[in-house]
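*Asks:* Line by line, the protein sequences give chains A and B. If you count the first sequence from 1, position 145 lands on 145 in our numbering, and the numbers rise without skipping. If you count the second sequence from 1, position 41 lands on 41 in our numbering, and the numbers rise without skipping.
These are computed hints drawn from the structure, not numbers from a lab. Any given hint could be a false lead.
[As the list claims (entries may be wrong)] The following label-pair restraints were derived from C-beta to C-beta distances:
1) B:Gly131 x A:Ala319: 31 to 39 Å
2) B:Gly67 x A:Ala298: 26 to 34 Å
3) A:Asp304 x B:Gln77: 39 to 47 Å
4) A:Asp304 x B:Arg164: 54 to 62 Å
5) A:Gly160 x B:Asp105: 50 to 58 Å
6) A:Ala298 x B:Asp105: 49 to 57 Å
7) B:Lys7 x A:Asp188: 42 to 50 Å
8) B:His82 x A:Thr96: 41 to 49 Å
9) B:Ser64 x A:Ala298: 33 to 41 Å
10) B:Gly147 x A:Asn100: 34 to 42 Å
[Said to hold, decoys possible] List of simulated lysine-lysine pairs, PhoX-like, C-alpha gap at most 25 Å:
11) B:Lys7 x A:Lys41
12) A:Lys11 x B:Lys7
13) A:Lys169 x A:Lys102
14) B:Lys51 x A:Lys41
Predicted, not measured: the structure shown is a model, and the values here were computed from it. Ideal placement from N, C-alpha and C gives every residue a C-beta, glycine not left out.
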Amino acid sequence: MANETTTDVIKVMRLLRDRRNVLISGAPGTGKSRLLANVAKAFETSSFVDQAAAGPVHVPGAAVAIPEQVPGDMQAELQDVLPAPARTNRQVFRTTFHQNSKYREFVSGLVPVTTPGETGFRVMPGTLYRASEHAKAEEGASLLVIDEINRGPAVQVFGGSIVAIEPDKRLADDNGVRPLTQFFEIVDPDTGNVVEYALPEHLYILAAMNQADTSVEPLDVAFLRRWANFRLQPAESVLTEFFGLGSPAGEIPEQANAASDVYRAAVRAWQAINDRVRLGRGAEFQIGHGIFLIGGGAPPQDLDDAKQFVAEAWSYVQAHVDEVFFGDIRGIAAVLNVIGGPNNHLYLLEETTFADEPRLDLTGPNEVTADNIYPLLRAVIG
Amino acid sequence: MIDPNLKPANVMRIVFKEIVAGDRRKFEAESNDDPTAGGGARDLRFRPFDKFGPVFSRMFPDVSDKGICRGRLHWVQNGKEHSGDAFFHPPTSARPNEGRLANVDRYLPVNKLPSEGTGTAILMLVQNDDGRVWPEFTTDRSLEKGGWHAQVRDMIVGCLRARRRANVSMVGFVDFETKESFCNGQ
């Protein structure tokens, strides 16, 4: 059966094929990095290789005819949307933007010579340049993956190349110049001269960002409109499948009798938290399903182990709520369903005074543990 | 768009054979050293017949009165499935325990043969559970590099490294349906 990730890979591939530049955005924990990795793998190998082959399976036409891992479902769909399907020399280039990312590292520029005994400068070919040169080669196709694109000064890093990334501003399939091809100046890594440069047809750029990151500046509109957007949302279906629940609906008993009771409560409480965060701060500030998937293993089926598993995952929820509503005690209390919630809630919001000024005080357990996680989840659900 | 016929399928059996320089010339129909003569032999030989005969009769189940097994070989070209007739001949009186896959220059996708210098070339005839037989070429380097199914890799590489006379090339098969296997080395 095609899973959600596979379907998303197909959608992103189609956008890459049609629009060349795709920006994945979503709340933390919604699977951006996983999607980047899966798209990169599928781009490079032209296939989904996500299932271990039990017995020998023959894949007609593949370089490895009887592989240890076989193409997953939706292989035909992938071939339909694969960018540059006829090009066989496919390579992925990766970079992550940060506050100190520079144009010279991304496009090209002067850097000191570090060879012992030598002094001077050399021209460094940046990630975009190297990906572009690869895509210009015969049979070449490049996917440039930029993670955390809004954590760096993206507009400065792209410099003059920003207009040239647009699909209709690229070179033709044979690297010939089109009427709208956009050239920009770079320092040529081969000669050190300033030359005009344009980007090839089969350079695809896939970036990801978390809009809720409060520590970075938002990207400007002129930059954003050059990207096709793909938004990831927190997905309840991923969790119900992961926990084997079928549906998160159903009674949440006062006492957990089985691991499934704990997992059902966890999914419902996580949904309730996201519903309130969306109202209080906005959809981009929700927390994704990925917090329960950290570690990669299957969820334990023993009741006590399940409580421990969820308690550890819930610490990410708690930290996220504290960060998003930093300094807003009432907001934190509202998200945790303390305001108007059940009387036996583990947390208590009290009005008090400090230096004769009114203050709010949210008190409760110092730590979420296997012992208190289940009643906490029930109280958050309300 | 990918050919919908090219879906992965479970493997039923594989016949594998080392491709030596003489075989390469058969693929090019140039095995005869006499320029005034014809192209020379164009058959790939499988010995002993008492081992390979039953396997080929399962691969090519249309057997004539003369014992010739007839079937089709399938391969991928430009993303499409192609196929051609294939014939496996029984032994002749001159070579009583040797079967022959005939006219390999016409019925094998010889353009997919790994170039010399890329390792020991190996032909695999792969029969899938839908009955179709696919010739696939690889090399020992590719098999050892990784990515291949361990059962298949171990069988072929193990056979390639087995002891045999210097002038004998590797040949063998593995049948996942009957649980039989054979390697001409020890």
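*Asks:* Let me make sure I understand: some of the numbered hints might not hold for this structure. Which ones are they, in numerical order?
*Replies:* Numbers 1, 2, 3, 9 and 14, in rising order.
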